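> Listed in order, the protein sequences are those of chains A and B. For reference, each letter of the first sequence is one residue, going 1 to 266 in our numbering. For reference, each letter of the second sequence is one residue, going 1 to 357 in our numbering.
One should not assume that every hint holds.
To be verified - Listed next, the in silico DSSO-like pairs over lysine-lysine satisfying Cα-Cα at most 30 Å (straight line): (1) B:K98 x A:K264; (2) A:K28 x B:K140; (3) A:K55 x A:K111; (4) B:K90 x A:K264; (5) A:K59 x A:K111; (6) B:K140 x A:K27; (7) B:K90 x A:K111; (8) A:K264 x A:K199; (9) B:K145 x B:K90; (10) A:K59 x A:K199; (11) A:K264 x A:K53; (12) A:K27 x B:K145; (13) B:K282 x A:K28; (14) B:K98 x B:K145; (15) A:K111 x A:K199; (16) A:K55 x A:K199; (17) B:K90 x B:K140.
Please keep in mind that the hints were generated in silico from the structure rather than gathered at the bench. Only a predicted model underlies this, so the values are computations on that prediction, with no experimental measurement involved.
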Amino acid sequence: MHIVVCLKQIIDPEIPPHVFQIDPVEKKQLRGRQVLLISDFDAVALEVALQLKEKVDGKVTAITIGAAEAVEALHTALAMGADEAVLISAPAFEETDSFGKARILAAALHKLGEFDGVLCGRQAGDVELGLVGLFLAEMLGLPCATLVANMEPEQGQMRFRRPIEGGYEILETATPFLATITNDESNVARYASVRGIRKAMRTEIPTWSAADLALDPAAIGPETALIEMEELFVPEGDIRCEFIVGESGSGKARQLALRLRELKLL
Amino acid sequence: MTTRRFWAFIEQEEGHAHPVSWELLGVIRRLASQVREEAEAAGDEVVVEGVLLGHNVGHIAQEALCYGADRVYLLDDPVFTHYRNRPYYKTLEEVAQKHEPEVFLIGATTLGRDLAGAVATALRTGLTADCTQLEMGEVKGSPQKLLLATRPAFGGNIMATILCRQNRPQMSSVRPRVFPMPERNPHPQGEIVREAVSVTEEDALSRILEFVRPEGESVNIEYADVIVAGGRGLGTAEGFGLLQQLADALGGVVGASRPCIDAGWIGNAHQVGQSGQTVRPKLYIVAGVSGALQHKVGMQNSDFIVAINTDPDAPIFDVADVGIVGDLYEVIPAMLEQLAARRKARGSGGGHQEVSA
Numbered sequence: 001m002h003i004v005v006c007l008k009q010i011i012d013p014e015i016p017p018h019v020f021q022i023d024p025v026e027k028k029q030l031r032g033r034q035v036l037l038i039s040d041f042d043a044v045a046l047e048v049a050l051q052l053k054e055k056v057d058g059k060v061t062a063i064t065i066g067a068a069e070a071v072e073a074l075h076t077a078l079a080m081g082a083d084e085a086v087l088i089s090a091p092a093f094e095e096t097d098s099f100g101k102a103r104i105l106a107a108a109l110h111k112l113g114e115f116d117g118v119l120c121g122r123q124a125g126d127v128e129l130g131l132v133g134l135f136l137a138e139m140l141g142l143p144c145a146t147l148v149a150n151m152e153p154e155q156g157q158m159r160f161r162r163p164i165e166g167g168y169e170i171l172e173t174a175t176p177f178l179a180t181i182t183n184d185e186s187n188v189a190r191y192a193s194v195r196g197i198r199k200a201m202r203t204e205i206p207t208w209s210a211a212d213l214a215l216d217p218a219a220i221g222p223e224t225a226l227i228e229m230e231e232l233f234v235p236e237g238d239i240r241c242e243f244i245v246g247e248s249g250s251g252k253a254r255q256l257a258l259r260l261r262e263l264k265l266l
Numbered sequence: 001m002t003t004r005r006f007w008a009f010i011e012q013e014e015g016h017a018h019p020v021s022w023e024l025l026g027v028i029r030r031l032a033s034q035v036r037e038e039a040e041a042a043g044d045e046v047v048v049e050g051v052l053l054g055h056n057v058g059h060i061a062q063e064a065l066c067y068g069a070d071r072v073y074l075l076d077d078p079v080f081t082h083y084r085n086r087p088y089y090k091t092l093e094e095v096a097q098k099h100e101p102e103v104f105l106i107g108a109t110t111l112g113r114d115l116a117g118a119v120a121t122a123l124r125t126g127l128t129a130d131c132t133q134l135e136m137g138e139v140k141g142s143p144q145k146l147l148l149a150t151r152p153a154f155g156g157n158i159m160a161t162i163l164c165r166q167n168r169p170q171m172s173s174v175r176p177r178v179f180p181m182p183e184r185n186p187h188p189q190g191e192i193v194r195e196a197v198s199v200t201e202e203d204a205l206s207r208i209l210e211f212v213r214p215e216g217e218s219v220n221i222e223y224a225d226v227i228v229a230g231g232r233g234l235g236t237a238e239g240f241g242l243l244q245q246l247a248d249a250l251g252g253v254v255g256a257s258r259p260c261i262d263a264g265w266i267g268n269a270h271q272v273g274q275s276g277q278t279v280r281p282k283l284y285i286v287a288g289v290s291g292a293l294q295h296k297v298g299m300q301n302s303d304f305i306v307a308i309n310t311d312p313d314a315p316i317f318d319v320a321d322v323g324i325v326g327d328l329y330e331v332i333p334a335m336l337e338q339l340a341a342r343r344k345a346r347g348s349g350g351g352h353q354e355v356s357a
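For reference, chain A alone in the conformation it holds in the complex (with noise of 0.2 Å):
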């Protein structure tokens, strides 16, 4: 069984608001010092095909759209346990929307022929707009289950564990399918292992570039982007706070109780 398991990687979004740094004129983050990782539910996409390949005998593809350095991703992926990786590399790529880098998606599977299954994570960790996955599938017309958090094989489908409001789920579909994937206790990502990351050191990565995908850089850069980014600004706070001031805990637990009780929150 071959899932191929699409990665993002992003600035790491969980850095202080004061040292986050924006460009005003291309509307878009700098990284400044900031670390890059592999975007959070992408990581936990990762640990679930990893989960399916030690119950089931397969193979696990990582692939990434960006520059050279996303090769760390790429990197880290096989030495989480990934077996092969592809970078997909062409400057106009990385400033598409996500219907493009669907689109790039779409023809680098396309290109790697078989596949049972693609995961994509829920959403990424910087724009947590949620949309390739599911545009991915509807360009391939695959079936797709979203909000996974694993899955297992039946009979030559796949069933997919989807939690809903208040419980779960049992959905089936045909392979190949797309599956995008959310997180719970079963999947949370594993680290790498230090023979992991000796193989991953071995193990050539190779770069597809727009003509190998046979697309033209034109039709999926950023003028072809169905949305546009009109602003991004810092949030204004409208701070209105009132300090509780007490000499204990219990006094201050005093006055919050009565303020609550005047409002009839209590």
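Given the coordinates of chain A, work out where chain B should sit on it, guided by the hints.
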């Protein structure tokens, strides 16, 4: 004269409307009113319409009129008994191609997230997910006002306003509780239009084998009136036991910020924030949360926010109505004592006695 159609997707499961549908009707009415002047000047008409898919759901179409739709397109067929992505999106693609809405909003629920991307792809149009502000605004180079969809991005550090210039409809998904519930009009004027359904069971590529809803484990924080939330400052998973006691005493539920979920202290159904749920309770008590934007965007619309944190400069105080600088392990037990004393006073003599600790 052209008709400018403003659409909201009316979500239902098992014959029950999701309340986000009414929230969407409230916001889509406001958006429609923002172009009314421009439309009238051009001799155009503006209408607010709902689209409803389901089986035996005529009563929900009627409700949609009560919550502000001028017209509801009803697609009633057994194929829609349970939600499946493909029959739903194929159908919405068809009705949207037929009526050509200008704006189309879908709730960012589990179902709506799944659906919105598929519909946008099928219609080859732009979609902005999880919007927190929506306006129809003037944009340079556009003869008509466009949908300006604002949402948190980059880990919640910043807000991004996104637009879709060329393709239609302009689509956005909106989380439950981001916008308020509109007033219900018991005597609406609107009409219900039944549309023919062309998809069949063969169009579904997936099937649902079972629904599992374990008894007692369920927590629905989205529509809770009182939430007591904790963050990394709790220090341990056991801290949630204390928050649960306070939530129980107030008739509420427990929420959590993302680091607690990542640390495995509590299940992700409890997560409030950008990658969790958006909430809008009457009272939100938050302890040990520093106030990363990721968390704030999920709770800042609460009616009343009480923040407890040891750090007086914690950003959580920027969105709080009342703040306590202090140790949650002192303040919360003291609050529990207050509440217990009050209950006891009420139980033993009733009335509105003041209670002191």
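> For every hint, state whether the structure bears it out.
Results for each hint:
{"no.": "1", "hint": "B:K98 x A:K264", "result": "violated, 51 Å"}
{"no.": "2", "hint": "A:K28 x B:K140", "result": "holds, 20 Å"}
{"no.": "3", "hint": "A:K55 x A:K111", "result": "holds, 27 Å"}
{"no.": "4", "hint": "B:K90 x A:K264", "result": "violated, 49 Å"}
{"no.": "5", "hint": "A:K59 x A:K111", "result": "holds, 16 Å"}
{"no.": "6", "hint": "B:K140 x A:K27", "result": "holds, 17 Å"}
{"no.": "7", "hint": "B:K90 x A:K111", "result": "holds, 28 Å"}
{"no.": "8", "hint": "A:K264 x A:K199", "result": "violated, 63 Å"}
{"no.": "9", "hint": "B:K145 x B:K90", "result": "holds, 29 Å"}
{"no.": "10", "hint": "A:K59 x A:K199", "result": "holds, 15 Å"}
{"no.": "11", "hint": "A:K264 x A:K53", "result": "violated, 56 Å"}
{"no.": "12", "hint": "A:K27 x B:K145", "result": "holds, 22 Å"}
{"no.": "13", "hint": "B:K282 x A:K28", "result": "violated, 36 Å"}
{"no.": "14", "hint": "B:K98 x B:K145", "result": "holds, 23 Å"}
{"no.": "15", "hint": "A:K111 x A:K199", "result": "holds, 25 Å"}
{"no.": "16", "hint": "A:K55 x A:K199", "result": "holds, 21 Å"}
{"no.": "17", "hint": "B:K90 x B:K140", "result": "violated, 34 Å"}
Of the numbered hints given earlier, the model fails hints 1, 4, 8, 11, 13, 17; all others are met.
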